[in-house]
Amino acid sequence: MDVTYYPGCSLESSARDYDESTRAVCASLDIHLHELPDWTCCGATSAHSLDEELALTLPALNLSGAERLGNHMVVPCPLCFNRLKRAQKEVKSSVGIYDLASFIGQAEWLEKIRSRLKFPLDPIRAVCYYGCMANRPPKVTGSVDYENPCDMDNICEALGVDVRPWSYKTDCCGASFSVSRKDIMYNLVKKLYDKALEAEAECIVVSCQMCQANLDLYQKDISIHFKGNYNIPIFYFTELIGLALGLKGTTTWLKRHMVDPIPFLEKKELLRQ
Amino acid sequence: MKVNNDIIGIESGFARQVALDSGVDLFTCYQCEKCTNGCPVTFAMDYDPHQIIRMVQLGLREEIARASTIWVCASCETCFTRCPHEIDIPKLMDYLKQSVLSQGDKPAEGAVAAFHQVFLENIRKFGRVNEAFLMGAYQLKSAKAEKRIDVKEMISNLKLGIAMLKRGRLGFIPKKTGAKEAVRKLFEK
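In order, the protein sequence lines correspond to chains A and B. Under the working numbering, the final residue of the first sequence carries the number 273; numbering is consecutive throughout. Under the working numbering, the final residue of the second sequence carries the number 1189; numbering is consecutive throughout.
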């Protein structure tokens, strides 16, 4: 299947592991990603906060190019997905826009994943953390299960992961405050860690790179701040797919994390590269 | 019983103006507090979300202009998703932020406003956000806005930057997009 790929600004730097793992996973599932030529920033949080017009025109700028390519557009960053969807609805563009996790969570790809599974991940106990933007508001995202999304849960279950239920799947990580009001983000993320551990999870699986950054990059600082000792690997669901399908490059992506997942995976005898 | 004898200014017409300008129909709010109950950041707010709506309804423009709440809203959309009247509260918060700035008032959260301004300027310059440049510009601007340099914070960010660079997660060279000029045009009013 040919799809248009809109990576978003973070995936070119701080979320390089997400970009690399997404490309590898899609290639292995015969999803041919065509990066949208000359794509530009969706405006993220700052545009809608300060400038109503830019909040629309920035993402809308990408839509005519996507329409020309004619395929569905797949977006790994849920914030970009959200902004692009709003623009699409506003200008009535014909492009089908999909959040990556929801896209890969479809039956067709789950089936393919199951059929290509090489190394089941059943020693891993995890919770799936979706964040805000992939599902809210349902008027924009089209999400049906916005209080209890299951796409990543289904993907992880297909990989054999022991997925734990928990009530914090879509609780905010404080994304936009990791720079300007770190204290707010620390509080929100600490709660997520505690609730994940309460659900007996050893790691957290994410589909948003802003969430991954907040849960991964600052884990040591948050531990020190709250006098705790968190050591919770934060995986992109695409990285787990890579691990389970034995995709080349998996260790490269994993080594980019701040909270080193390698010892965790070695103990579980899940690293074969 | 403590009685508050402060004189509070009430602007008639304010609520109607906000509703018309923002497109948010806030008159249907009957203070069920579902928004506040689902909001993840009330711990950092001076007024709860439902209180802000009430304040708009009552015309308390000055109080709202001084509020931290509108800046500390995380735009998580939980309130809008759950409001029985589907009042677009995040949109209202955005409108109120923009009003503060357009009226030349000082934002209660200078660092938050500075971050957004720097972010937009980064997009205008590069067409895509360059995270390294963004952090540098933000450090400068927030120091100016808060009138102090948080040395501890700067060192912490520097350490983080180096750790990310080591892991290949920090790009210094702005990525090229052919539509950079088109983006710049969008910023011209």
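Keep in mind that the hints were calculated from the coordinates and are not lab data. Note that beta-carbon positions come from the ideal geometry of N, C-alpha and C, so glycine has one too. Hints are not guaranteed to be accurate.
Claimed, not checked - Pairwise CB distance ranges, derived in the manner of DEER restraints: (1) B/S1156 <-> A/E266: 27 to 33 Å; (2) B/G1178 <-> A/G228: 43 to 49 Å; (3) B/K1189 <-> A/E157: 35 to 41 Å; (4) B/A1065 <-> A/K255: 37 to 43 Å; (5) A/P120 <-> B/I1149: 49 to 55 Å; (6) B/G1178 <-> A/K268: 41 to 47 Å; (7) A/N148 <-> B/E1086: 37 to 43 Å; (8) A/T251 <-> B/Y1030: 51 to 57 Å; (9) B/E1146 <-> A/E269: 49 to 55 Å; (10) B/R1148 <-> A/T251: 41 to 47 Å; (11) A/E266 <-> B/K1144: 44 to 50 Å.
Stated by the list, open to error - If you want the footprint, here are the derived chain B segments under chain A, 3+ residues with CB under 8 Å: (12) 1035-1046; (13) 1097-1110; (14) 1114-1120; (15) 1129-1141; (16) 1145-1151; (17) 1160-1172; (18) 1177-1187.
Stated by the list, open to error - Taking lysine to aspartate or glutamate and the EDC-like style, the derived pairs with C-alpha atoms no more than 20 Å apart in a straight line are: (19) A/K248 <-> A/D221; (20) B/K1166 <-> A/D145; (21) B/K1091 <-> A/E53; (22) A/K89 <-> B/E1086; (23) A/K182 <-> B/E1181; (24) B/K1125 <-> B/E1181; (25) B/K1175 <-> A/E53; (26) A/K182 <-> A/E200; (27) B/K1106 <-> B/E1146; (28) B/K1034 <-> A/D221; (29) B/K1152 <-> A/E266; (30) A/K89 <-> B/D1088; (31) B/K1166 <-> A/E12; (32) B/K1034 <-> A/D145; (33) B/K1125 <-> A/D145; (34) B/K1185 <-> A/D38; (35) A/K182 <-> B/D1046; (36) A/K139 <-> B/E1109; (37) B/K1125 <-> A/E53; (38) A/K191 <-> A/E157; (39) B/K1185 <-> B/E1121; (40) B/K1180 <-> A/E12.
Status of each hint after checking the structure:
1. In this structure the hint that B/S1156 and A/E266 lie 27 to 33 Å apart at CB holds, the actual value being about 30 Å.
2. Distance hint for B/G1178 and A/G228: a CB-CB separation of about 47 Å, consistent with the stated range 43 to 49 Å.
3. Distance hint check for B/K1189 and A/E157: the Cβ-Cβ separation is about 50 Å, which falls outside the suggested range of 35 to 41 Å.
4. Roughly 48 Å separates the CB atoms of B/A1065 and A/K255, a value that falls outside the hinted 37 to 43 Å.
5. At about 52 Å, the beta-carbon gap between A/P120 and B/I1149 stays in the expected band of 49 to 55 Å.
6. Take B/G1178 and A/K268: their Cβ atoms lie about 45 Å apart, and the range 41 to 47 Å holds.
7. Checking the proposed 37 to 43 Å range against A/N148 and B/E1086 shows it is violated: the Cβ atoms sit about 20 Å from each other.
8. Range check, A/T251 to B/Y1030: about 56 Å between beta-carbon atoms, so the 51 to 57 Å window is met.
9. For B/E1146 and A/E269, the Cβ-Cβ distance of about 50 Å falls inside the hinted range of 49 to 55 Å, so the restraint holds.
10. The given range of 41 to 47 Å is respected by B/R1148 and A/T251, whose C-beta atoms sit roughly 43 Å from each other.
11. Checking the proposed 44 to 50 Å range against A/E266 and B/K1144 shows it holds: the Cβ atoms sit about 48 Å from each other.
12. Only residues whose beta carbon comes within less than 8 Å of a beta carbon in chain A count, and the region 1035-1046 of chain B has 4; three or more means the coverage holds.
13. With 4 residues carrying a beta carbon less than 8 Å from a beta carbon of chain A, the region 1097-1110 of chain B meets the three-residue requirement, and the given coverage holds.
14. With 6 residues having a beta carbon nearer than 8 Å to a beta carbon of chain A, the region 1114-1120 of chain B meets the requirement of three or more and the stated coverage holds.
15. Taking a C-beta to C-beta cut-off of 8 Å, the region 1129-1141 of chain B contributes 6 residues in contact with chain A, enough for the three needed, and the coverage statement holds.
16. Proximity of the region 1145-1151 of chain B to chain A, defined as three or more residues with a beta carbon under 8 Å from a beta carbon of that chain, is not established by the 0 residues found.
17. Coverage of a stretch by a chain is defined here by at least three residues with a beta carbon nearer than 8 Å to that chain's beta carbons; for the region 1160-1172 of chain B and chain A the count is 8, and the condition holds.
18. Counting residues of the region 1177-1187 of chain B whose beta-carbon sits less than 8 Å from any beta-carbon of chain A gives 8, enough to reach three: the coverage restraint holds.
19. The suggested pairing of A/K248 with A/D221 is violated, with an alpha-carbon distance near 32 Å, which exceeds 20 Å.
20. Between B/K1166 and A/D145, the direct Cα distance comes to roughly 39 Å. Violation of the 20 Å bound is thereby established for this hinted pair.
21. Distance check on the hinted pair: B/K1091 and A/E53 sit about 13 Å apart at the alpha-carbon level, within 20 Å; holds.
22. Between A/K89 and B/E1086 the alpha-carbon distance is near 18 Å, which keeps this suggested pair within the 20 Å criterion.
23. At roughly 34 Å between alpha-carbon atoms, A/K182 and B/E1181 are farther apart than 20 Å, so this suggested pair is violated.
24. Distance hint between B/K1125 and B/E1181 is fulfilled; the C-alpha atoms sit about 9 Å from each other, no more than 20 Å.
25. Pair hint B/K1175 plus A/E53 does not hold up; C-alpha atoms about 25 Å apart against a cutoff of 20 Å.
26. Simply put, A/K182 and A/E200 have alpha-carbon atoms about 27 Å apart, too far for the 20 Å limit, and the pair is violated.
27. Under the criterion of a C-alpha separation no larger than 20 Å, the hint pairing B/K1106 with B/E1146 is consistent with the structure, at around 11 Å.
28. Restraint check for B/K1034 and A/D221: not satisfied, since their Cα atoms lie roughly 33 Å apart, outside the 20 Å limit.
29. For the hint linking B/K1152 to A/E266, the alpha-carbon distance of about 36 Å lies beyond 20 Å, and the restraint is violated.
30. Of the supplied pair hints, the one linking A/K89 and B/D1088 holds, its CA atoms being roughly 16 Å apart against a limit of 20 Å.
31. Of the supplied pair hints, the one linking B/K1166 and A/E12 holds, its CA atoms being roughly 15 Å apart against a limit of 20 Å.
32. For the proposed pair B/K1034 and A/D145, the alpha carbon gap of about 19 Å is at most 20 Å, so the pair holds.
33. Distance check on the hinted pair: B/K1125 and A/D145 sit about 39 Å apart at the alpha-carbon level, beyond 20 Å; violated.
34. A hinted pair counts as satisfied when its Cα atoms are at most 20 Å apart, and B/K1185 with A/D38 qualifies at roughly 15 Å.
35. As the CA atoms of A/K182 and B/D1046 are separated by approximately 17 Å, the hinted pair is consistent with the 20 Å bound.
36. Distance restraint check for A/K139 and B/E1109: the Cα-Cα separation of roughly 30 Å exceeds the 20 Å cut-off, and the hinted pair is therefore not satisfied.
37. Using a Cα cut-off of 20 Å, the hinted pair B/K1125 and A/E53 holds, with the two alpha carbons roughly 18 Å apart.
38. For the hint linking A/K191 to A/E157, the alpha-carbon distance of about 25 Å lies beyond 20 Å, and the restraint is violated.
39. Taking the CA atoms of B/K1185 and B/E1121, the gap is near 13 Å; set against the 20 Å cutoff, the hint holds.
40. Of the pairs offered as hints, the one joining B/K1180 and A/E12 holds, with about 16 Å between alpha carbons and a cut-off of 20 Å not exceeded.
Going through the hint list in order, the structure does not satisfy hints 3, 4, 7, 16, 19, 20, 23, 25, 26, 28, 29, 33, 36 and 38.
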